[in-house]
Structures are given as C-alpha cells and as structure tokens.
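So the chains spell out like this:
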Amino acid sequence: DQQVKQNSPSLSVQEGRISILNCDYTNSMFDYFLWYKKYPAEGPTFLISISSIKDKNEDGRFTVFLNKSAKHLSLHIVPSQPGDSAVYFCAARANFGNEKLTFGTGTRLTIIP
Amino acid sequence: EAQVTQNPRYLITVTGKKLTVTCSQNMNHEYMSWYRQDPGLGLRQIYYSMNVEVTDKGDVPEGYKVSRKEKRNFPLILESPSPNQTSLYFCASSFMSSNTYGYTFGSGTRLTVV
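Same order as they appear, the protein sequences are chains Z and P.
If you count the first sequence from 1, position 21 lands on 21 in this note's numbering, and the numbers rise without skipping.
For this note's numbering, count along the second sequence from 1 and bump the result up by 113.
Hints are computed from structural coordinates only; laboratory data are not their basis.
Please read all numbers here as calculations on a predicted model, not as lab measurements.
Take these hints with a grain of salt, some might be off.
Unchecked claim - Computed cross-link-like contacts, EDC-like style, restricted to lysine to aspartate or glutamate with a CA-CA straight-line distance of at most 20 Å:
id	chain 1	residue 1	chain 2	residue 2
1	Z	K37	P	D151
2	Z	K100	P	E143
3	P	K131	P	E143
4	P	K178	P	E192
5	Z	K100	P	D151
6	Z	K100	P	D172
7	P	K170	Z	D24
8	Z	K56	Z	E15
9	Z	K100	P	E192
10	Z	K37	Z	E15
11	P	K130	P	E175
12	Z	K100	Z	D24
13	P	K182	P	D151
14	Z	K100	Z	D1
15	Z	K5	P	E192
16	Z	K71	Z	D84
17	P	K178	P	E143
18	Z	K56	P	E143
19	P	K182	P	E192
20	Z	K100	P	E175
21	Z	K5	P	D172
Chain P extracted, bound-state conformation (with noise of 0.2 Å):
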C-alpha cells in the first residue's frame, strides 16, 4: 500500500529534550515536506526537500532541522524542544510536479512540549 508513514503518533516531551519524529515514504516520490497544524493558522510548512541531500526553509523552520540522506526518509529534529513547538506535525511526500493529487500525507504526530 502506498503511504507516508509517521512515528510516533503521539509524543509528550519535556522542553530542551532533544527528539526526532520518523517520516518514511514508499511511493518514490523525489519531494518531501513537514507541516504544523496550529488553531486558526492552518498547516504551515517547516521544511522541504526536493530530492537526497536537498533540503531548504519553510514557513516556519526556527527550532526545526531536517535531513534527507535517503530518498524515502525525511526526519523531523528538534534539538532543544519549546512549548510554543506544542503542535500536530504531519509529513507529507509527492512527485515533483505532481499536478493531479498533490502531496500524500501522513497520519499526523501529536507533540505536546512541557
């Protein structure tokens, strides 16, 4: 089955514990992104990736890094966690210039900073 994979789905975490949010996808797909899903914000891109070893700032990437050694990996760091990080972060993967569907997302990672 085709899918872009999170994990964990849920994460409680205390601020300035380094941790890292797994995204792995099985369609091929040269283009990876991380979003936040905020109240009345919408989902924000942190950040993208257009293909292995490249990688480049969203919306919003203060506090966030990202890595793309491999074409089906886009791990989400976050080296010194915050509160204001509380969000539910979702992966999302497609083909470069994918005009039909879009991305292909994941199911979502809860994250709550203490």
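Isolated chain Z (complex conformation) (with noise of 0.2 Å):
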C-alpha cells in the first residue's frame, strides 16, 4: 500500500527553464511533508519542508505547493540548473510523535545543458 506515491519516475528539463514535480498521497493523518535530493553514491539530502497548515513554502529557487484537499504537493525548481540532476523524493510524516517519515518512489530529473 503506497501511501505516498511519484507517478512519473523521470523527468527531463532544459536548462534555465522550470522543473515541476509532483507527489500524491492518501494518509490524511499526514502533517508534515519533505522533498530530499539524493545523488548517485550518496545519502538523500534534505531539500525543503511544508507543514499542513500552510499552502506553499520558498526557499531560494525552490518552492513547495501543497493541496490539502487534493492530497498533492509539488516541487518547482526555477530556474532549473546542471547541478540540479538527481532523484527527488517526496516524504511524508503522520502526526504520531513517532518522527517516521513514508517515502514516494523517487522522480529521476535530468536537466539538458
């Protein structure tokens, strides 16, 4: 049962335009959701947060869109960089106090120089 889930497993952008990714869940016990990066041969790297009470969150080139009522949440990344190639998970956290965070299958975005 995938409680989180990343439809499109890759994704391909040129360079300079804007990347959008996106993640769906169904727990409506979720309270908190987190994008990570991660590198071939690395850990995956915290990225950017959202609580549930908020709507969209910024940091930089990277905003975070959440839809409470259609329990789907995006990632943009504009304008979109070389650097910027990795594999994207979305995570999710159910207000439990157990700190478990539930990850999508992962989105592979390639950006074209």
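Can you join these two chains into the complex? Each is in its own frame, and there are hints to help.
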C-alpha cells in the first residue's frame, strides 16, 4: 500500500526552464511533508519542507506547494540548473509523534544543458 | 562535522552468513532509523529507535535485527542473509519533533547477497 506516490519515474527539463515534480498521498494523518534530493553514491539530503497548515513554502529557487483537499504536493525549481539533476524523493510524516517518514518512489530529474 | 556514518559502504556476502552494518551519529539525535532502497519501491523503513533501548519495527522488518545500547550507535544485523536482502541501505537520525529538517542520512551501504 503506497501511501506516498510519485507517478513520474523520470523527468527531463531544459536548463533555465521550470522543473515541476509531483507527489500524491493517501493518508489524511500526514501533517508534514518534505522533499529530499539524492545524488548517486550519496545519501538523500533535505531540500525543503512544508507543514500542513501552509499551502506554500519558498526557499530560493525551490518552492513547494501543498493542496490538502487534493492530497497533492509539488516541487517547483526555477530556473533549473545542471546541478539539479538528481533523484527527488517526496516524504510525509504522520502526527503520531514517532518521527517516521514515509517516502515516495522517487523521480529522476535530468536537466538538459 | 555533523554526520551519520555507515560502514561498510559496499559488501558482498553469501547466503546465511551473519553480518552487521554499523551506523553512528555525532549529533546527539534521539531518533535513528534504517531504510532500504529498491528500484520502483523507494525508501522503506526497516526498524527505528526513539531512544536508547527503545526500538520498534518499521514496514519491512523481516530478516533484520537492531539494537540501541548507546545513543550514537544503531547497528543493523542480518542473522541469515538471503538474496532478497540485496539492496541499498540507509541509516538516518533526527531530533524528536524535528519539524524543520527531518532526517540526516548516511551515505548508504550497498549489500549484495549471493
């Protein structure tokens, strides 16, 4: 039962354009959402997060949008740069207090120079 | 430098030969967890620990054991590895109620069981 879904396994975007990565979830108990970025041979690193009480959070070139009614969040990267090429994981945490993160399957983003 | 250290980075072993993957963090985090990453399945939680001597099963605990005798260490034990445990393993840690940053991950251990 995949509670966090990333339906696009891969995405290619031209350098300088906007990259949009999508994530859907099914568990209404999730109250905090995060995006992680992963390069080959490295562990995932935190990118940006959003609480369920917000609908948008911005950090430089990265913006995360949350649509609670649709149980959907998206990560926007603008402008996209070659160094953004990586696998991006969406993750969600339920308000049970056990800190568990449930991850999606990942989207491989390739930025074309 | 704040980090989570896993060892070894790469390991090839044979079916049934007990092995331990070590994980250590230097950030005084209460929470530690093990995940495995498999193609098409993302990261799935194996075990987690909310503090010393407090451990619990995640989503895919079968075939694994853990212990948390000290706050900084959280080893993953495979008593009798099988080929379906061939995977990329990540250890992670965080403060409890760490709303902002979630986990800090180690660099991963690629395990092959033949």
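A quick look at each hint next to the structure:
no.	hint	verdict
1	K37/Z - D151/P	holds, 16 Å
2	K100/Z - E143/P	holds, 13 Å
3	K131/P - E143/P	violated, 27 Å
4	K178/P - E192/P	holds, 8 Å
5	K100/Z - D151/P	holds, 18 Å
6	K100/Z - D172/P	holds, 10 Å
7	K170/P - D24/Z	violated, 25 Å
8	K56/Z - E15/Z	violated, 24 Å
9	K100/Z - E192/P	violated, 25 Å
10	K37/Z - E15/Z	holds, 18 Å
11	K130/P - E175/P	holds, 16 Å
12	K100/Z - D24/Z	holds, 18 Å
13	K182/P - D151/P	violated, 29 Å
14	K100/Z - D1/Z	holds, 16 Å
15	K5/Z - E192/P	violated, 32 Å
16	K71/Z - D84/Z	violated, 26 Å
17	K178/P - E143/P	holds, 19 Å
18	K56/Z - E143/P	violated, 29 Å
19	K182/P - E192/P	holds, 18 Å
20	K100/Z - E175/P	holds, 18 Å
21	K5/Z - D172/P	holds, 16 Å
Going down the numbered hints, you'll see the structure goes against 3, 7, 8, 9, 13, 15, 16 and 18, while the others check out.
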